[in-house]
Amino acid sequence: MVKQEQEIASRPDNTAFTQQRLPAWQPMLSAGIVIPGFVLIGLAFIGIGVALFVTSQSITVMELDYTGVERTSPCFRCSDPNVKNCVCQLDFSIASLFKGPVFFYYGLTNYFQNYRRYGVSKDDDQLSGDLDSFTSPSDTCSPYEYDSNNKPIVPCGSVANSMFNDTFKLYQIVNGTKKQVPFDGKGIAWWTDYNVKYRNPSVTPLRDAFNGTVKPLFWPRPAYELDPSDPANNGFINQDFLVWMRRAALPDFRKLYRRITEGDYAQGLPAGNYSLEIAYNYPVLSFDGRKKVVLSNVSWMGGKNEFLGIAYLVIGSLCIVMSIIMLIVYAKFKFPEEE
Amino acid sequence: MTWRSPLALLRDALRGQRAREKELRNLVSNLPYEGLEKGKQPNRHFPGNAIKTTKYTLLLFIPMNLFEQFHRLANIYFVGLAILNFVPVVNAFQPEVALIPICIIMALTALKDAWEDFRRYQSDRKLNNTPCLIYSRKEKQFMERRWKDVRVGDFVKVFCNEIVPADLLLLHTSDPNGVCHIETANLDGETNLKQRRDPEFKPESFDSLVVCERPNNNLNHFKCYAEKPDKEKVGAGIESLLLRGCTVRNTDTAVGFVVYAGHETKSMLNNNGPRYKRSKLERKLNIDVIFCVILLFAMCLVGSLGHFVWLQKQPGVPPYLVADSNGHLDSPGLSAFYMFFTMIILLQVLIPISLYVSIELVKIGQIFFIANDIDLYDEETDSRVQCKALNITEDLGQIEYIFSDKTGTLTENKMVFRRCSIMGTEYAHKENGNPLHCAILFKQNELTFVYSNLTNPRETEVIPDRKLLQQISRAESSSGRSGSREMDPYLEFFLALAICNTVVVSMATAQRRRVSAALNIKLLYDKQVSFRKPKRNRIFSEDSVIEEDHFNPPVKTEGSGAISGLQTCSLHAPSQDGKPATTSDNLSYEAESPDEAALVYAAKAYGFTLMGRTPNSVTVSLPSGKELVFEVLDTLAFDSVRKRMSILVRHPITKEYVLYSKGADYAIMELLGTPYQKSIAADTQRHLDCYAREGLRTLCFTKKVVSEKEYESWSVNRQRALAAMENREELTMDTAVQLETNLSLLGATGIEDRLQEGVPDTIVALREAGIQVWVLTGDKPETAVNIGYACRLLEEEDLVINMSCKNTLACTSILDCALEEVRRYSNDPRNVDTTPDISLVIDGRTLTMALSSDLQERFVDLAKHCRTVLCCRVTPLQKSRVVKVVREKLKVMTLAIGDGANDVNMIQAADIGIGISGQEGMQAVMASDFAISHFKHLKKLLLVHGHWCYTRLANMIIYFFYKNVAYVNLLFWYQFFCGFSGTAMIDYWLMIFFNLFFTSVPPIMFGIMDKDISAEMLLGVPELYRMGQGEYNFKTFWISMLDAFYQSLVCFFIPYIAYRDSDIDVFTFGTPLNTISLFTILLHLSIEIKAWTVVHWVIILGSVAIFFIVTLAYSGTCITCNPPSNPYWILQTQMADPMFYLICVITTVVALLPRYIFHVLRNSIAPSPLVQARHLDKLDPSTRNQWIKEWRSFRGGGQGKRSGLSTPPSPTLEMPVEILPQSPTASDITGDEFTLNLHKGQTGQSQKNRH
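Those protein sequence lines, which keep their order, are chains W and D. Using the UniProt record's numbering, you'd call the opening residue of the first sequence number 1 and step up by one each time. Using the UniProt record's numbering, you'd call the opening residue of the second sequence number 1 and step up by one each time.
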């Protein structure tokens, strides 16, 4: 018994694990084996590709550039930085029914919302309604932290300060008269942004919470007066504000402005002439940017995206081609198993 | 404690420092000062016996550990980056967040260190609190104290089977002969009982001044003398020193004076930490890390320049450019400069910080598997392979040259007496070693030898030669009749065999005692014993003995049975056959070298039984049954310079002073004096040459009668030499040489050293694996060549170049000739596809010349062309020199394997040193990186574990580089779309988690567990070893880097194009990128994994699951916790979007398609041998074995057609070569079993007879 203990003392366990003999699956990648795999992947990809491509083709997109750097542009007058409260009008026509629901975007190019210092320049606590951060905003907001009178700026920081402030009105020209297309401004921001991340301080009326603070320098109106038409759409949970605060990933981006889902236009924009009235405020010359309006309808795959469908088709075909090549290889080179 | 001025304290401290540094130390007894305050103690300057091996203290752990960790360059780099992140102008992330990875890694390391240190602390405490006995003047007896209370100058008493607490100068033992046996197993792994002699010190009233040398780590040397008040000096050496950590055996009690305590003891000074070697792979890896640094700088430079250009191009001040608090913008140049550092912070992961930690973990795992391999476990000694160097496992797969010792490495070092030559007559002992004849012969000769079944039967199996037996009986009867003063040379020869050695006789009972003792001590001092387990588990072979010992717990009973020095360890376990009798039946010999034991057993076979040995006497029983007690006057111990040992005894009958010597033939032959022996010497020399050709080890025996006057004068010199403080070794050696002259030859012996099991197989396999095997031995060329043929190092058809020359000129010309011939041969177009099988045999003297700086190049050049090189008669230093020269000149990976102290130099010089835990102690094992128990284990260790470890680690490292580059490049590509501003589109926490949790475990598992080819295949086709050596090289590294670039481009730009011109926000864009990256990186690994076990599936799928669980949980809870990034609900939103999945699928497929196709095409069109081996692995085992067999035979046929390179007649190979018959076969093994059974039967019979 002692003897056994002694022997066991250093004798290694004879288990499959310690002896490295665990049953194992040893896949061997060789032409013969992968052909069915390639064929399957190829067929599946081509199928997905066709579906994507067809879906993408059904989506209509209309882009209207209104930067106004060209002399011929109706907004040329407004692009001068010295002109204030300029309104310009852009006419366009739709040849056939623009199926709804139509999404109305504004787009900016060459605008680096993903610039690191810009992205840092906000105070999440302040935006979640923390009153302490109203009086002393985070220093990440610098230089839009305090104004020249050392009053705290709310909402502080560069992101809020640079909020896009062009406004749009869309009219259909029906028999020479303008008929306004109703815009739906609800639910354009993320549900979680509106309900969880951004909160107004629980002070009524809202403007009391902003006592002793100043509006961002760039803003025409303080935060609590962003939407005079709807008291519930003010402060930090203003939908346009929320959309702007969700920084775009790439320098050329669009952001949802409104949806056209109501009234006569619930089924889409009927063919006809339209007029877009733009309150031109946002300067873009300083960064060589362009402004545009995008009208688009959406499908299950989001906006128009031909790339993905084509990519699937190409890769799918490539897989089929590869499987043919493999077949040749398979025929030409004998494999050790068969010897 | 009285107050002492700080100045006095300082002075005392300085004096203490001086006392410790002094070459000689003066120590006095503590007893007169007992009870006095510390400042009055004479030995207060010397450290106490408490030991502390911990690195840290509780309070200072954090600073000290941090200090330790900052010795690593990588840690400094990352802390530097983290600090850089605190500088506002350059920071890329939240400063605090950037500290997380380095903190986690350093905390892990600190935890590991703390745990190890705690273990050390526990074992220290256990050791320090071990009880021991210290003499107290007050109590007038030995009092029980703790080890930590022992101070220099104390008197300590140790009992049998106790461990010595400090280095003690032996003063008194309970043994009447003044002997104390100690077992040094804890120290050097040797289990021999050594005698420590008691110099004539008087205990208790000790008033001498002990002068000893400064502590050193040499376990075999100690110099001191004791000066009595009357100025009389008595010298003492290592033979009087009981070393800390040794165990007292066979001696009831011993009292010693503490000379060194605690950290100054020899065992502590020898206690070095684990060895650190840097592997070849790691050296290459570091170069590639430098490439990564260059890449990082290039990428940062691109970022910085890009930022500059981008800023320059801005026509005005756009709203997204943020000014500082003064509303002032930095100039583009300054911003670009800052951006460079921001980029370094952002892209820092490019330098694989976790790679080093991962490599360590992988190596721990690899070592676990090596140590647990049951094929490398030796039942006989109960030992596994030991991995002492923790970080060179993969070097096992890189070996190109093996340097092997012969004795004990290729051979068993279990010596069997084979033949002898006495006075010029050869006695062939034909029956010897043939176990089948055993029983018959025993009866015929009416000599009943009963061998203790506690020792290996092989060592004792000597069947006397009939002719020689008759010769002896005749000689004895005649000498008995005449009673003449002149002894018969035959009797003298066997007397010399029995006497001239240092073999200690121990009783079977004493050995049994050792068993129980070992067990008891194991319970008490777990650490000490488990440090080195008893090597000979044959001791444990009898259950009954152990059980009996349970009824007889070791009790310290002083002097109860002090009859003889060998039985003092009182308690006799009642053995099976009644009372223990001091007959030859119970004798067992403890020899320091197996040769000696073999000789003693041989003498015993002829009736000359060594009955007992004390320092002053040797008892031998003659065939007639008469016991002779020889007084031993002096022993001139063996040393490697003299190559001989002598013992000076006084014959009890003739009262002559007789010097018996034995030694190597060349060391003895030139000392022969009497000219009439010329013919005998010539005959003997011829026999010796013949023995050597058979591969036997030879020894010569001589005798010399010393006149009384000569002895007297010599003895004075000898005493003076022994007491000398300086040059003691040289002086004693000189005296030995003085006496060893004019010897008269008695005869010579041939001892066989059998080849170990599986040696020829292993050598053939290693050679097929493309490894050159060299043998470096101290033996004669003839012996070495024969062993070479026996173990298939040399083949019959080989061209053997024999180099043995007397001067440099001859050496040069031979070298040039050989080189010329080799070159001509290899340049010959007819020999393109045949490799010449040239072997080189070179002797030590020629080797010295060949290794001289002017011939070195030529020698190495020649050796490169040789398949095998045999170096004979080489010294330990030459061995290491050969290894170093080959290693440096040829730039190859070398492995040295050996078992003895003479191989230590070589083992340390090679890239990998392997020790064989065999018969010759543990010095080689202590110096080695890996320790195995048989040479044959080398085959699996290298061919299987070496291949696996290397392939796994190489692939893991390549993958690690790939992984980091592929991931970090995503961030880099994004810089082109964010104005090179250092934005990360992935939440920083998720980035950290990505590296720390989501993708860290799979590569580690890959590095530990991947198995490209089965062990059977690797062993069956050794050629695969060579094929597997190049996995990690410049090409594979850069291919994986290019692949990483390609994959990162795909992973970034497919989602980029898909999301272009949409309303996607920064982190919603980053989330699919992160997910795609995870899938790509894990699936990339899946392509690389060769064998999927359950563990693989669990870990890979687990990593994916953890990614989603952690990311979803984090995105679900973190609302404002990590500004500016804000992943709240993003993955949830994405996972509700079909586009997310579509993009993930296509991107992953496109990213992996090239690598996948590459693998498929490579495996199909041009499968490498490794791939073919994998194909074969998938076959069922029987078909596979069949294939291997066929392939082998095909290869063998190819080798047979060898070109006729003429074999020049070599002088040493003229005799027909006999291949030793002892190659291991099935019959050999059954033969062993047979002898074992036979001996058991014999024992039983003899026991009955005795009743």
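Hint data in this document are derived by calculation from the structure and do not stem from the laboratory. Careful, some of the hints might be misleading.
[As the list claims (entries may be wrong)] Which residues of chain W face chain D? A few of them, derived with a C-beta cut under 8 Å, are:
#1 Asn14
#2 Leu22
#3 Arg117
#4 Ser142
#5 Leu256
#6 Met301
#7 Glu306
#8 Leu308
Idealized CB from N, CA, C, for every residue including glycine.
Okay, the hints, checked on the actual structure:
{"no.": "1", "hint": "Asn14", "result": "holds, 5 Å"}
{"no.": "2", "hint": "Leu22", "result": "holds, 4 Å"}
{"no.": "3", "hint": "Arg117", "result": "holds, 4 Å"}
{"no.": "4", "hint": "Ser142", "result": "holds, 5 Å"}
{"no.": "5", "hint": "Leu256", "result": "holds, 6 Å"}
{"no.": "6", "hint": "Met301", "result": "holds, 6 Å"}
{"no.": "7", "hint": "Glu306", "result": "violated, 10 Å"}
{"no.": "8", "hint": "Leu308", "result": "holds, 5 Å"}
Violated hint for the displayed structure: number 7, the only one.
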